[in-house]
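Trainee: Quick note, the sequences are listed as chains A and B, same order. For the first sequence, counting from 1, position 88 maps to 88 in this note's numbering; every step adds exactly one. For the second sequence, counting from 1, position 49 maps to 49 in this note's numbering; every step adds exactly one.
Rather than coming from a laboratory, the hints here were simulated on the basis of the structure. Just so you know, not all the hints are guaranteed correct.
Claimed, not checked - Not close to chain A: a few residues of chain B, all C-beta gaps over 12 Å, as computed: (1) 12; (2) 14; (3) 28; (4) 63; (5) 71; (6) 78; (7) 84.
Unchecked claim - Straight-line alpha carbon distances no greater than 25 Å define the calculated SDA-like cross-link-like pairs of lysine to any residue that follow: (8) B:57 to A:11; (9) A:97 to B:77; (10) A:97 to A:64; (11) B:13 to B:42; (12) B:3 to A:11; (13) B:13 to B:38; (14) B:55 to A:13; (15) A:97 to B:13; (16) A:97 to B:85; (17) A:97 to B:60; (18) A:97 to B:87; (19) A:42 to A:13; (20) A:42 to B:52; (21) A:42 to B:102; (22) A:42 to B:114; (23) A:42 to B:45; (24) A:97 to B:61; (25) A:42 to B:13; (26) A:97 to B:102; (27) B:71 to B:96; (28) A:56 to A:11; (29) A:97 to B:67; (30) A:42 to B:12; (31) A:42 to B:11; (32) A:97 to B:12; (33) A:42 to B:54; (34) A:97 to B:96.
A quick note: this is a predicted structure, and the numbers were derived from the prediction, not measured. Glycine included, every Cβ here is placed at the ideal spot set by N, Cα and C.
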Amino acid sequence: QKEVEQNSGPLSVPEGAIASLNCTYSDRVSQSFFWYRQYSGKSPELIMSIYSNGDKEDGRFTAQLNKASQYVSLLIRDSQPSDSATYLCAVRAAGNKLTFGGGTRVLVKP
Amino acid sequence: DVKVTQSSRYLVKRTGEKVFLECVQDMDHENMFWYRQDPGLGLRLIYFSYDVKMKEKGDIPEGYSVSREKKERFSLILESASTNQTSMYLCASSLGLAGDTDTQYFGPGTRLTVL
């Protein structure tokens, strides 16, 4: 069983809709959670981090964390074609190492 | 802004060659990391370093070594390249904060092809 699980997609959403991405993790002591966006052929770029239960909003992005259920999600509101990318969930349990999920590919259709 | 640079965007080498991949960060970060990314396997940690001349093995260190002689530079070495090391190699760095908030920033990546 992979430590960080994501649906690989593609998640197809119409322009202007909400894209909802989920990530589950297996290590209960995980403390830090990150969402990275990766365009095809490019490197990952950080879009959100979240450390405590609840919601965290940044522009059109909202991260949601539920440590009891061991999942973290990312909502993209008013999805734009430029949001078409692969979104990587990353989890840190202890120390400096991150464990990445396989990524969810998002396609926003005009 | 954090800037992490890698020496080459694309590299083609032959089986058995010794390959050096260089990574430089300009933000005085303590931690540096090397990952490889393959379709279907995601990002996997090869090695990381939390201080000059300090290194720790990641999840897939076999066939690789690293060097960190200066704080800003972290090199990944393939002692004898093999075709199964064809991959995208990504370097990352982080400030090295204690606690939860330490964040990794990635370089542009090096796509290595071993023939």
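Trainee: Below or equal to 25 Å on CA atoms is what counts here, so check residue 42 (chain A) against residue 12 (chain B).
Mentor: 18 Å, holds
Trainee: Under the criterion that the straight-line Cα-Cα distance not exceed 25 Å, is the pair residue 13 (chain B), residue 42 (chain B) satisfied?
Mentor: The given pair, whose Cα atoms are some 23 Å apart, holds under the 25 Å limit.
Trainee: Next pair to validate is residue 55 (chain B) with residue 13 (chain A); report whether the Cα-Cα distance is within 25 Å.
Mentor: 43 Å, violated
Trainee: The output says residue 71 (chain B) does not contact chain A. Does that hold with a beta carbon cutoff of 12 Å?
Mentor: Holds: least Cβ distance 15 Å, greater than 12 Å.
Trainee: Does the claim that residue 84 (chain B) lies outside the interface with chain A hold up, using a Cβ gap greater than 12 Å?
Mentor: 19 Å, holds
Trainee: Between the alpha carbons of residue 42 (chain A) and residue 54 (chain B), is the straight-line distance 25 Å or under?
Mentor: The given pair, whose Cα atoms are some 29 Å apart, is violated under the 25 Å limit.
Trainee: Assess, step by step, whether the Cα of residue 97 (chain A) is no farther than 25 Å from the Cα of residue 12 (chain B), and give holds or violated.
Mentor: Violated, at roughly 29 Å.
Trainee: Could you let me know if the closest chain A CB is still more than 12 Å away from the CB of residue 28 (chain B)?
Mentor: 16 Å, holds
Trainee: Run the distance test for residue 42 (chain A) versus residue 13 (chain A): straight-line Cα separation, threshold 25 Å.
Mentor: 22 Å, holds
Trainee: Hinted pair, alpha-carbon criterion (25 Å max): residue 57 (chain B), residue 11 (chain A). Please report holds or violated.
Mentor: Not OK: residue 57 (chain B) and residue 11 (chain A) at ~35 Å, beyond 25 Å, violated.
Trainee: Run the distance test for residue 42 (chain A) versus residue 11 (chain B): straight-line Cα separation, threshold 25 Å.
Mentor: 16 Å, holds
Trainee: Is the straight-line distance between the alpha-carbon of residue 42 (chain A) and that of residue 52 (chain B) 25 Å or less?
Mentor: 28 Å, violated
Checked against the numbered hints above, the structure violates hints 8, 12, 14, 15, 20, 32, 33; every other hint is satisfied.
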